[in-house]
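**Q** Build the complex: two chains, separate frames, hints provided.
As given, the protein sequences belong to chains A and B, one line each in that order. Note that our numbering numbers the first sequence so that position 50 is 50, with each residue one more than the last. Note that our numbering numbers the second sequence so that position 74 is 74, with each residue one more than the last.
Just so you know, the hints here were simulated from the structure itself, not pulled from any lab data. On a predicted model such as this, the values are computed, not experimentally measured, just so you know. You may find that some hints are simply not true.
[Stated by the list, open to error] A short, non-exhaustive set of chain B residues, derived as facing chain A with CB atoms under 8 Å:
hint, residue
1, Q50
2, V67
3, P70
4, P87
[Claimed, not checked] Stretches of chain B that chain A covers, calculated by requiring three or more beta carbons in the stretch to come under 8 Å of a beta carbon on chain A:
hint, segment
5, 55-66
6, 76-84
[Claimed, not checked] Anything over 10 Å on all C-beta distances counts as not near chain A; from chain B, calculated:
hint, residue
7, A33
8, L71
9, V73
Built from N, CA and C at the ideal position, the CB exists for glycine as well.
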Amino acid sequence: MTRRQLTAGLLLGLGLGGFVDGIVFHQLAQTHNLLSARLPPTTLAALEINMFWDGVFHAGTWLLTAAGAGMLWAAGAERPPAWPARAFAGALLVGWGLFNLVEGVLDHHLLGLHHVVHGRHQLLADLLFLGAGAAFVVIGLALMRSSRRQSAAAVERTL
Amino acid sequence: MAPAAAAARPAGGAERVGGVARMAGLAALLALATAQVGGCEQCGGELRRQVRAAIFAADFAGNVLVVLAPLLVLLALVLAVHLRAPPRPRRGGAPHAGTASPP
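Looking at chain B on its own, in the form it has when it is part of the complex (with noise of 0.2 Å):
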């Protein structure tokens, strides 16, 4: 059984070989990316600017708070459902804490 379960694991320069192939189709792609994104007209200038200046304004950090309010609040109500939940059910389904549940 060993030395087939050997057999069936790749060796180690093959495995190298396909990490590097990996790598390097990650880099080509990130190239390809770059290229397009300097190669886009919109994206410097004046609109970029623009953008850039009403996203980053004065009301940024309340912006910021009133989008994820939602989340905050939907957290909140998980963390409570959390904390007052027992660890595990009581034997039998219902909540208890302390007690092991059925198998």
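Chain A on its own, in the form it takes in the complex (with noise of 0.2 Å):
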């Protein structure tokens, strides 16, 4: 895998994991918003702000993505020698793994922005969310590690 291949599923796997938060947790459950726990959105006004901030967040993860989709343009013009699709996928998942840890433990703990859900159950949700970052990122790791191992025995039957 080149290292622009690499640095492409990486960025889009960050992007995607963005916007599966954006999509999943602020429209379709509505559990959260980017500043909800700070401007809980019980009024009209409330909730419009809150939907800028959304708004703001994810023009973010768009340009993360367009730029993934740059690299990925600039990985195939310099024509690799292959495109292993199981690495990339690692990649892919590594990124949405670093989203939810990062963004985790950014804005759920550090900076108390929001919780994946407000109320009884909001510490058990934001360390599932960790949870499921980290195995994304273990996934990922293994499946990168396992197709660097498929390249190299196929060197070695060539040799």
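**A** What follows is the structure, encoded as structure tokens:
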């Protein structure tokens, strides 16, 4: 896997992880917004203000995704010797997992901007979010390692 | 083969008509969306002023920074990985700079 392929996978994983968070938790389940611990969306005005900050956050994740698409294009332009699908899937998962870990630690625990769900089970939900992130990183790294071993074995067979 | 290929291609006039139809459709969509915004009772007035004032208050820059903080940290992480990784994998798959990877 070339450096650009790896970076593209990580950036796209970060962006897609951010969109999953926004689509699932902000829009479909509506369990939180970006600043919902500071300004609970209990009135229409508060909901609109939260929606604005959600938009700023998702504009940022859009930029990461666009950067990932650009990097993938650049990776294709340098004519890489291989497109290892398993390693790329691993990089995507690592990116998504990193999103959960960094966003979870910063926004949920250090800055206290919001929790995955507000109320009785917020700590459990926050920990599950972090646990999912850690699991994605571990699985992603394992996929990348297995792809590397596979390509090493292929080289040995040709020698 | 050449005449068949030419026949398969749409004529220039048809392409132009398609482009005009697409532009007209887009203009109609925009007109509809604008009409909806104009008809929205919540979009002007006191609520809108309240929301704008709350968003663009003294803490606006701080809120932007706080909201984008995780993404900036993540970007820094990816940048660090990008700068440390070799451009191409070593023969056999392990990372090493400057050598081609297996076919």
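**Q** Per the coverage rule (Cβ-Cβ under 8 Å, at least three residues), is the segment 55-66 of chain B covered by chain A?
**A** Holds, because 4 residues of the segment 55-66 of chain B bring their Cβ atoms closer than 8 Å to Cβ atoms of chain A.
**Q** Could you let me know if the closest chain A CB is still more than 10 Å away from the CB of A33/B?
**A** 17 Å, holds
**Q** Does the CB of Q50/B sit less than 8 Å away from some CB of chain A?
**A** 5 Å, holds
**Q** Are there three or more residues in the segment 76-84 of chain B whose C-beta lies within less than 8 Å of some C-beta in chain A?
**A** holds (count 4)
**Q** Answer holds if the nearest beta-carbon of chain A is closer than 8 Å to that of V67/B; otherwise answer violated.
**A** 5 Å, holds
**Q** Taking C-beta pairs only, is V73/B more than 10 Å away from all of chain A?
**A** Given that some Cβ of chain A is not farther than 10 Å from that of V73/B, nearest at about 5 Å, it is violated.
**Q** Please check whether the beta-carbon of L71/B is more than 10 Å away from every beta-carbon in chain A.
**A** It is violated; L71/B is separated from chain A by about 4 Å at its closest Cβ, not greater than 10 Å.
**Q** Using the nearest Cβ pair, does P70/B come within less than 8 Å of chain A?
**A** Cβ of P70/B sits 4 Å from chain A, so the hint holds.
**Q** For the hint on P87/B, does the least C-beta distance to chain A fall short of 8 Å?
**A** The hint holds - P87/B has a Cβ within 8 Å of chain A, the shortest such distance being about 5 Å.
Going through the hint list in order, the structure does not satisfy hints 8 and 9.
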